[in-house]
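> Could you slot chain V onto chain S? The hints should help.
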Amino acid sequence: GQSLEQPSEVTAVEGAIVQINCTYQTSGFYGLSWYQQHDGGAPTFLSYNALDGLEETGRFSSFLSRSDSYGYLLLQELQMKDSASYFCAAHSGGGADGLTFGKGTHLIIQP
Amino acid sequence: ETGVTQTPRHLVMGMTNKKSLKCEQHLGHNAMYWYKQSAKKPLELMFVYNFKEQTENNSVPSRFSPECPNSSHLFLHLHTLQPEDSALYLCASSQDRVGAEAFFGQGTRLTVV
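For the protein sequence lines, the chains are S and V, in the order given.
With the working numbering as the guide, the letters of the first sequence map in order to residues 22 to 132.
With the working numbering as the guide, the letters of the second sequence map in order to residues -15 to 97.
What the hints contain is simulated information worked out from the structure, not anything from laboratory work.
You may find that some hints are simply not true.
Straight-line C-alpha distance at most 25 Å; calculated DSS-like pairs for lysine-lysine [claimed, not checked]:
| hint | chain 1 | residue 1 | chain 2 | residue 2 |
| --- | --- | --- | --- | --- |
| 1 | S | K124 | V | K24 |
| 2 | S | K102 | V | K6 |
| 3 | V | K36 | V | K6 |
| 4 | V | K36 | V | K2 |
| 5 | V | K25 | S | K124 |
| 6 | V | K25 | S | K102 |
| 7 | V | K24 | V | K36 |
| 8 | V | K36 | V | K3 |
| 9 | S | K102 | S | K124 |
Isolated chain S, as found in the complex:
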């Protein structure tokens, strides 16, 4: 089986930095992705880490440590539009394997 754990809710202030953690237990692991979902919207891809280390894409960065079965999403210079749910998702097979998602972290941005 596979499971991913992430906090259910995080609150931060506009302009600040926030980190959303994700720990995983999978029978096979190829990498970790992050998705953003606004209320009523479709999940949209943010990042993918296959190797250990930090991947930076604009205000968002994602980190992976395979030895610790741990990753995080770092959001900088928070904006009100970043209020959404953020999901970590594990790739457990080669090819089109589908994703196993965490329950999601609801990020609340306060002015």
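Same frame as chain S, but now just chain V:
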């Protein structure tokens, strides 16, 4: 707009009804997926199709029946559903390689009464 279109956006059906959800993508992807999203639960992978062949069925009850006539279209046929099947059903597509970005549709909000 993600390039993945789902219809209908909302559906209310009785437990004895038969209905179908439709998903369409013209992104050139060979893999398509059905996910179920319920409140307070993770997105649950239901089915995976790769080059029109079903490669994964995550112990989904037989009252859900997928169909993939070609790489651009995916259906989910529903019959004799239960109220606990009420959820958001999301379709996604991707290239057939690990780590490929999945593009999701807006989903069908299903209510079973």
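> Does the structure keep S:K124 and V:K24 at a Cα separation of 25 Å or less?
holds, 7 Å
> Run the distance test for V:K25 versus S:K102: straight-line Cα separation, threshold 25 Å.
holds, 24 Å
> With the threshold set at 25 Å, check whether the alpha-carbon distance from V:K36 to V:K2 stays at or below it.
holds, 23 Å
> Would you mind confirming whether the straight-line C-alpha gap from S:K102 to S:K124 stays at or under 25 Å?
Holds. S:K102 to S:K124 sits at ~21 Å (cutoff 25 Å).
> Is the hinted pair V:K36 and V:K3 satisfied, with a Cα-Cα distance of at most 25 Å?
Distance of about 21 Å is within 25 Å: holds.
> Would you mind confirming whether the straight-line C-alpha gap from S:K102 to V:K6 stays at or under 25 Å?
violated, 30 Å
> Checking one constraint from the list: CA of V:K24 to CA of V:K36, max 25 Å. Satisfied?
violated, 32 Å
> Has the given pair, V:K36 with V:K6, been kept, meaning a C-alpha gap of at most 25 Å?
The given pair, whose Cα atoms are some 15 Å apart, holds under the 25 Å limit.
> Hint check: V:K25 vs S:K124, CA-CA at most 25 Å. Holds or violated?
holds, 5 Å
Taken one by one, the earlier hints fail for this structure at numbers 2 and 7, listed in ascending order.
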